[in-house]
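Full structure from sequences and hints, please.
So the chains spell out like this:
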Amino acid sequence: MIAEAGLAALWLAASLALLQLALATLGLAGGKSDLLGAVRPVAVAQGVLTAVAFALLITLFMRSDMSVLLVVTNSHSLKPWLYKFAGTWGNHEGSMLLWVTVMGVAGAAVALFERALSRATHMATLGGQAAISLGFYAFLLFASNPFARLDPPAVDGQGLNPLLQDPGLAFHPPTLYLGYVGLSVAFSFAVGALLTRQVDAAFARAMRPWVLGAWILLTLGITAGSYWAYYELGWGGWWFWDPVENASLMPWLAATALLHSVTVLATRDSLRAWTVMLAVVAFSMSMVGTFLVRSGILTSVHAFAVDPERGTFILALLGIYIGGALALFGWRVGAVREGAPFELVSRETMLVVNNLLLSVILGLVLVGTLYPLLTEAFGHKVSVGAPYFDRIAGPIALALMIVMIIGPLTRWRRDRIREIGRRMAIPLGVGGVIFILLAATAWGRIGILPFLGLVIALAVAVGSVAPLWKRNLRRTPLFTWGMVIAHLGCAVSLGGMACDSAFTVEKLVAARPGDRVETAGWTLRFNRIMPIAGDNWTALQADIEASRGAEEPALLHPQSRFFASPPTTTTESALLTRWNGQLYVVLGQEADNGRWQLRIWWKPFVTLIWFGGFLIALGGAMALIGRERRGWLLKWRARNAMGAIA
Amino acid sequence: MRSWLIWLPLALFLAFFGLFASGLLHPDDRIIPSKLVGKPLPAFALPAAASDRPPLASTQLATGGPRLLNIFASWCVPCAAEAPQLMVLKQAGIEIDGIAIRDARPDVDAFLKRYGNPYARIGLDARSEVQIAMGSSGVPESFIIDSKGRIAYQHVGDIRVEDVPMILDRLRNAQ
Numbered sequence: 089m090i091a092e093a094g095l096a097a098l099w100l101a102a103s104l105a106l107l108q109l110a111l112a113t114l115g116l117a118g119g120k121s122d123l124l125g126a127v128r129p130v131a132v133a134q135g136v137l138t139a140v141a142f143a144l145l146i147t148l149f150m151r152s153d154m155s156v157l158l159v160v161t162n163s164h165s166l167k168p169w170l171y172k173f174a175g176t177w178g179n180h181e182g183s184m185l186l187w188v189t190v191m192g193v194a195g196a197a198v199a200l201f202e203r204a205l206s207r208a209t210h211m212a213t214l215g216g217q218a219a220i221s222l223g224f225y226a227f228l229l230f231a232s233n234p235f236a237r238l239d240p241p242a243v244d245g246q247g248l249n250p251l252l253q254d255p256g257l258a259f260h261p262p263t264l265y266l267g268y269v270g271l272s273v274a275f276s277f278a279v280g281a282l283l284t285r286q287v288d289a290a291f292a293r294a295m296r297p298w299v300l301g302a303w304i305l306l307t308l309g310i311t312a313g314s315y316w317a318y319y320e321l322g323w324g325g326w327w328f329w330d331p332v333e334n335a336s337l338m339p340w341l342a343a344t345a346l347l348h349s350v351t352v353l354a355t356r357d358s359l360r361a362w363t364v365m366l367a368v369v370a371f372s373m374s375m376v377g378t379f380l381v382r383s384g385i386l387t388s389v390h391a392f393a394v395d396p397e398r399g400t401f402i403l404a405l406l407g408i409y410i411g412g413a414l415a416l417f418g419w420r421v422g423a424v425r426e427g428a429p430f431e432l433v434s435r436e437t438m439l440v441v442n443n444l445l446l447s448v449i450l451g452l453v454l455v456g457t458l459y460p461l462l463t464e465a466f467g468h469k470v471s472v473g474a475p476y477f478d479r480i481a482g483p484i485a486l487a488l489m490i491v492m493i494i495g496p497l498t499r500w501r502r503d504r505i506r507e508i509g510r511r512m513a514i515p516l517g518v519g520g521v522i523f524i525l526l527a528a529t530a531w532g533r534i535g536i537l538p539f540l541g542l543v544i545a546l547a548v549a550v551g552s553v554a555p556l557w558k559r560n561l562r563r564t565p566l567f568t569w570g571m572v573i574a575h576l577g578c579a580v581s582l583g584g585m586a587c588d589s590a591f592t593v594e595k596l597v598a599a600r601p602g603d604r605v606e607t608a609g610w611t612l613r614f615n616r617i618m619p620i621a622g623d624n625w626t627a628l629q630a631d632i633e634a635s636r637g638a639e640e641p642a643l644l645h646p647q648s649r650f651f652a653s654p655p656t657t658t659t660e661s662a663l664l665t666r667w668n669g670q671l672y673v674v675l676g677q678e679a680d681n682g683r684w685q686l687r688i689w690w691k692p693f694v695t696l697i698w699f700g701g702f703l704i705a706l707g708g709a710m711a712l713i714g715r716e717r718r719g720w721l722l723k724w725r726a727r728n729a730m731g732a733i734a
Numbered sequence: 302m303r304s305w306l307i308w309l310p311l312a313l314f315l316a317f318f319g320l321f322a323s324g325l326l327h328p329d330d331r332i333i334p335s336k337l338v339g340k341p342l343p344a345f346a347l348p349a350a351a352s353d354r355p356p357l358a359s360t361q362l363a364t365g366g367p368r369l370l371n372i373f374a375s376w377c378v379p380c381a382a383e384a385p386q387l388m389v390l391k392q393a394g395i396e397i398d399g400i401a402i403r404d405a406r407p408d409v410d411a412f413l414k415r416y417g418n419p420y421a422r423i424g425l426d427a428r429s430e431v432q433i434a435m436g437s438s439g440v441p442e443s444f445i446i447d448s449k450g451r452i453a454y455q456h457v458g459d460i461r462v463e464d465v466p467m468i469l470d471r472l473r474n475a476q
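Sequence order for the protein chains is A and B.
When you read off a place in the first sequence, starting at 1, and then add 88, the result is the number in the numbering used here.
When you read off a place in the second sequence, starting at 1, and then add 301, the result is the number in the numbering used here.
It should be emphasised that the hints constitute simulated quantities derived from the structure, not laboratory data.
Accuracy of the hints is not assured; some may be wrong.
What the hints assert, rightly or not - If you want the footprint, here are the derived chain A segments under chain B, 3+ residues with CB under 8 Å:
| hint | segment |
| --- | --- |
| 1 | 402–408 |
| 2 | 448–462 |
| 3 | 618–624 |
To be verified - Simulated pairs of lysine to aspartate or glutamate, DMTMM-like, Cα-Cα distance not exceeding 20 Å:
| hint | chain 1 | residue 1 | chain 2 | residue 2 |
| --- | --- | --- | --- | --- |
| 4 | B | 414 | A | 678 |
| 5 | A | 558 | A | 507 |
| 6 | A | 595 | B | 353 |
| 7 | B | 414 | A | 660 |
| 8 | A | 558 | A | 503 |
| 9 | B | 449 | B | 470 |
| 10 | B | 414 | A | 594 |
| 11 | B | 414 | B | 396 |
| 12 | A | 595 | A | 631 |
| 13 | A | 595 | A | 633 |
| 14 | B | 414 | A | 320 |
| 15 | A | 595 | A | 678 |
| 16 | B | 391 | B | 463 |
| 17 | A | 120 | A | 254 |
| 18 | B | 340 | B | 430 |
| 19 | A | 595 | B | 408 |
| 20 | A | 723 | A | 320 |
| 21 | B | 449 | B | 396 |
Said to hold, decoys possible - Ranges between beta-carbon positions, derived for each pair:
| hint | chain 1 | residue 1 | chain 2 | residue 2 | range |
| --- | --- | --- | --- | --- | --- |
| 22 | B | 323 | A | 479 | 24 to 30 Å |
| 23 | B | 462 | A | 201 | 47 to 53 Å |
| 24 | B | 323 | A | 201 | 29 to 35 Å |
Keep in mind the model is a prediction, meaning the values are calculated, not measured.
Each residue gets a CB set at the ideal place from its N, CA and C atoms; glycine is no exception.
Set out below in structure tokens:
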């Protein structure tokens, strides 16, 4: 019954989306913005129904209902409850249901909480959201039904990919999806504003919190995913330029650009067409990423639903939504008046440069990801790997970081180069000193990109707090603090990346129990190998004592794990975190006569990469709260003033 | 704003859309005749790319074939997808030698540990010199070397499950 109820909820939600679209179209065509009062409850009901359907699928997984095909192919009764729970979205159908749930709930939130938008644009936005949802409902109901039954029921399930049996899976995909799909709201806003021709500062102020919210979650999701890959894949790397990772990076780059251009539109009423364009591009990148991953058109280590037929379906959705939105853009944007002009030397210009650089990186990542496809069109199948992305995206990202110092120190509307130079003196001085110090000590020993990365990271770290210079800190608005913290996070993250590639010490040894290994100031004592058993796996676990100087020795337990269903081996790395870095130990194969392969890395300051990512998201959250609070305060004061007059 | 510029995003998207559609419709149209077919291998002697496999030199491939020469890299994702097919070929009794492109020994070791090691010998081509000399433009690629050390067939891209019978057939005919 649960499966049937879930399917019914899904059909009902789809029909409500159709009703929502019809009502919004009617209201818009007839110029009756009163219909918004009818569209809103429909949007809320649709959101609730998708959430119910998703909750019912979770219930099926938790109960290990082996009469449901999806549970049989992706779960097992012996799995720990957390992985049964997380297994709900660790597969194609479940993750697509999560997709429509996020779209539905986001639509309901826009219906409930959006107050700043004009009634017509609000209605058009909800209509747009319903239109996109409809395509994905069709995809779920006709091509990937998560509630399909299996008759007769199976005795037990086939398990979940052991790589995915990690606490990380419980949190990373939903966060990422909330951000990824949350960008659909920005897309709908853009479509709505194009339909009503109301692209202005008020529209930007209304759209900004939604973009910011999606962007914060996307940032957190990518950061968590990177850390997960780092400790789960056991390669010591934190970014692999895999198509799936790029699929989450591309919407993030577009959303980051959008976040900055929407600020220009909200503050100065400039960059109207460009901001609308970016809002369309950001969610388009989410959809393109999904298509690339699900269609099997590119080979990826993450690919879990390679099916050309589904690919055709998603491609059709891409054509309709992206093609439609871009056609609407071409048709309507001519009617959008040019925004306010600005001088060449101004914060607006710096933000345009920021947008251009982000767009260039986005383009390069897109081309690199699609390169196998591009060359295949000419008869080859070639993959460009990490070396391409590092070499191409690295320098532009560094240039972007330099702009990040200058931008916040430049005034809106117009400024003088001399003045900017004066404000830049301290960050530039710090960068210069670091450059000389590093050049004197490490020239030629570290690569050029890590070298520049370290210099720029420290300069940005100083530059990012420079906007607070000589300000009354208690009266500085929370959103300014948010910008400072987010930019500081970028510097921290870049510093971690540069330290990792410049100073990581790696050692591969074959050791017997009882042996001692010395590396990078650490002494590792390899005590023994012992078998241990977990919930649904067995493992060989090494017992290693690591000590440094006078420090208390710490125990490390890297494992080689064997899963029974499906039969797979994974490596569980062991990490020891210190303030200045991480010791990363992986247990490899048994070599010869009782010796075991151990891979040991000392990674100085590597944790800064993810700490920086967290800071970026925190900065975003501060900006979001700061802006919203200011809106409430203004409204509250206005109401009080009205009350006083009355 | 100039009017053609407004339509540029749509035009770009349509170009990508066409690319995606052609990628979906013709997934396997990837055989190109190589100019090097029938010619002997270029001379090379590469250092070992993995800790437990010997190095590779062209003189070792001059006699005793036919065999498969696979060009791969630990950072290349299609190579990981290709690995099970190489293991199948190895189990069918084919001798497979490898050349790792722009790679490092620990990375190759990790890759082989993870995806299996079908190779008899692996050479490290750190600067793609041998790869370029062999007329290969990317990874993965595979060459069938006949019993006299000549290139009998060049396979661009990953060997997929459905390619395995064809590869076996060509190996049998490449005496």
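Check: Looking back at the numbered hints, which does the structure fail to meet, lowest number first?
Finding: 3, 17, 20 and 24
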